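There are 2 protein chains.
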Amino acid sequence: MYKDKNLYVLDQRLLPHQESWLCCGDATDVVKMIRDMAVRGAPAIGIAAAYGYLLAARQLAEAGGSVTAHALEGAYEELAAARPTAVNLVWALNRMARSLMNVAADAPSAERVCLLEAEAQSIHQQDLVANLAMSQAGASLIAAGQSVLTHCNTGALATGGQGTALGVIRDAWAAGRIKGVFVDETRPWLQGARLTAWELQQESIPYHLICDSAAASVLASGKVGWVIVGADRVAANGDVANKIGTYSLAVLARHHGVKFMVVAPLATLDRDCPDGSQIEIEQRPADEVRALAGQPVAPAGAPVHNPAFDVTPAKLIDALVTEAGVVRHLDRDGIQRLFA
Amino acid sequence: MYKDKNLYVLDQRLLPHQESWLCCGDATDVVKMIRDMAVRGAPAIGIAAAYGYLLAARQLAEAGGSVTAHALEGAYEELAAARPTAVNLVWALNRMARSLMNVAADAPSAERVCLLEAEAQSIHQQDLVANLAMSQAGASLIAAGQSVLTHCNTGALATGGQGTALGVIRDAWAAGRIKGVFVDETRPWLQGARLTAWELQQESIPYHLICDSAAASVLASGKVGWVIVGADRVAANGDVANKIGTYSLAVLARHHGVKFMVVAPLATLDRDCPDGSQIEIEQRPADEVRALAGQPVAPAGAPVHNPAFDVTPAKLIDALVTEAGVVRHLDRDGIQRLFA
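Line order of the protein sequences matches chains A and B.
Here the working numbering is used: the first sequence runs in plain steps of one and ends on residue 340.
Here the working numbering is used: the second sequence runs in plain steps of one and ends on residue 340.
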């Protein structure tokens with residue numbers, strides 16, 4: 001939420017127990033909020049970065065500097081490096097920087113800041129509009145009568161509003177197409193337990209929280225028709241990087257004849273990335289796994305392998321839902337057609 | 001550990017941070033320790049139950065009662081109901097009760113208690129001997145040069161000593177056959193993070209702790225040759241009930257061409273159970289998932305589906321290792337041959 005020249009973010013590390021808003025006054029604050037996961041979810045990270053760029057521009061203007069993409073390169077780089085995997089971050093920053101290139105050479109700094117504010121708000125607004133379109137399109141794929149399973153948090157908290165995968169689930173529930181939701185707790189950050197459960201509870205959508213490792217037996221039970229997830233980056237061939245555990249679900253879904261849906265706005269599609277092997281997978285700190293809710297749960301100094309994401313090959317994905325349409329047989333051509 | 005007419009158990013709920021021994025003076029204490037998971041792991045539960053039966057017999061003798069299987073039926077039932085899935089519990093109790101049937105009708109109570117003590121110690125000792133045999137047999141299946149992945153805790157803590165799957169890993173490491181171990185943290189109880197990591201650390205076997213949901217990407221990396229797990233019950237057709245998440249690993253292992261080994265003493269084989277669909281899967285309390293060490297990690301009252309075990313079909317298992325031999329193509333005949 002942008003207000004009075006500051007960006008306010010709901011601290012997702014404290015949910016669902018505490019609703020605390022953090023105030024970011026400059027780009028460095030925003031970098032810290034993204035890196036420390038006070039704000040998370042690929043689309044929300046993109047939106048926050050856009051506002052971070054705006055804050056840097058405003059600061060520059062107030063210091064009497066000239067607001068140009070060149071002068072803001074430091075802020076751009078700092079924001080872009082906050083987290084490596086979600087491509088929305090760089091996509092949003094590129095939109096901000098490009099908007100400055102289209103302005104008249106003699107436009108005053110105040111006007112440039114004003115333009116950047118409009119661009120950040122447009123990025124935010126377009127994400128919400130995209131989510132509403134995707135929610136409808138995704139929900140229409142679901143045959144009534146079964147439950148769905150989701151991973152991580154892809155709801156209003158992770159986006160500009162409504163949500164990607166959770167937006168589809170919201171619409172599918174409203175349309176009477178699903179019986180309920182199985183929610184993976186999503187270790188190590190517990191976005192499912194803390195955030196998705198909280199969002200579903202607020203909307204009175206019936207759900208069961210499960211440990212990530214229980215998904216296989218739930219899929220074997222025949223109760224689930226679709227696994228529905230978001231994405232942090234979709235490569236040009238349709239491979240999808242998303243929260244660690246997504247690939248596991250895709251293999252398990254295919255094994256059990258359950259359909260697998262990825263819901264992601266075009267901003268998540270990276271046509272410069274040929275395939276999933278080229279996506280940088282962020283390694284997060286060991287303490288995320290060694291401790292839970294501040295309590296140590298492993299021997300001190302235990303060596304940890306903590307990739308934040310994994311890559312699901314396109315061939316395991318039954319539907320990629322974007323605001324530009326749905327791709328059923330996901331491949332390079334399917335991705336191309338979305339941009340046609 | 002049985003000493004001075006009491007059973008002492010290392011409280012596994014407090015490991016690795018605190019080594020605290022609990023004293024059980026009667027069968028009811030033992031039931032509580034098993035139900036609350038101070039002692040856990042199918043073989044360890046069986047051994048504890050045997051000593052629980054002994055404590056009940058001693059109490060009966062001291063009260064002047066006649067020590068017979070009939071008089072001990074209450075203790076038998078109470079102990080047998082402590083947890084439903086691991087068959088070792090009932091197997092050990094049956095051995096204790098049967099040993100009383102072979103004694104002379106006029107044998108005094110003191111002699112009967114003495115005989116029960118010997119039987120409990122024999123159950124304990126035989127488990128250790130079985131583990132040593134299985135460790136060698138399992139380790140010999142592993143071609144050198146890769147790592148292994150394991151789930152839950154199947155080490156000295158879960159057994160009479162040495163361990164089942166972790167015993168194989170111990171021997172394979174000593175024989176230079178493995179590079180290291182990937183350890184699933186094993187939600188919700190974190191037996192991997194708390195207990196297996198602790199055992200491996202104590203023996204200086206190199207390992208990496210991973211979230212359960214990261215196993216798929218580790219298996220995709222090609223670093224793992226075998227997934228090695230224990231069992232709580234093996235049905236007559238070879239289906240295996242084990243810690244929730246085991247089935248997930250079996251599907252993922254097969255998908256990636258990684259071999260899948262189950263290590264279990266004959267006491268875990270239930271020939272009266274035709275197949276996995278007949279195994280009762282324990283549902284554990286919701287708070288195991290909703291909270292950790294008193295810290296809530298989900299919305300209050302969040303509905304939880306918390307099965308403690310899942311069932312892996314025999315066809316996904318590449319080797320069942322028992323003290324009576326290894327079965328490579330696991331089916332009803334293979335199980336029968338182990339008892340021949």
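Worth double-checking, as some hints may not be accurate.
If several chains are the same, the list does not tell them apart, and a pair holds so long as it fits within one copy or across any two.
[As the list claims (entries may be wrong)] With a straight-line Cα cutoff of 27 angstroms, these simulated BS3-like cross-link-like pairs (lysine-lysine) come out:
no.: 1; residue 1: 5; residue 2: 223
no.: 2; residue 1: 3; residue 2: 315
no.: 3; residue 1: 3; residue 2: 32
no.: 4; residue 1: 259; residue 2: 179
Derived from the structure by calculation, the hints contain no laboratory data.
Computed from a predicted model, the values in this text were never measured in an experiment.
Now the hints, each set against the structure:
no.: 1; hint: 5 to 223; in the structure: neither (48 angstroms within a copy, 50 angstroms between copies)
no.: 2; hint: 3 to 315; in the structure: neither (44 angstroms within a copy, 60 angstroms between copies)
no.: 3; hint: 3 to 32; in the structure: within (19 angstroms within a copy, 56 angstroms between copies)
no.: 4; hint: 259 to 179; in the structure: within (16 angstroms within a copy, 37 angstroms between copies)
Of the hints listed earlier, those the structure fails to meet are numbers 1, 2, in rising order.
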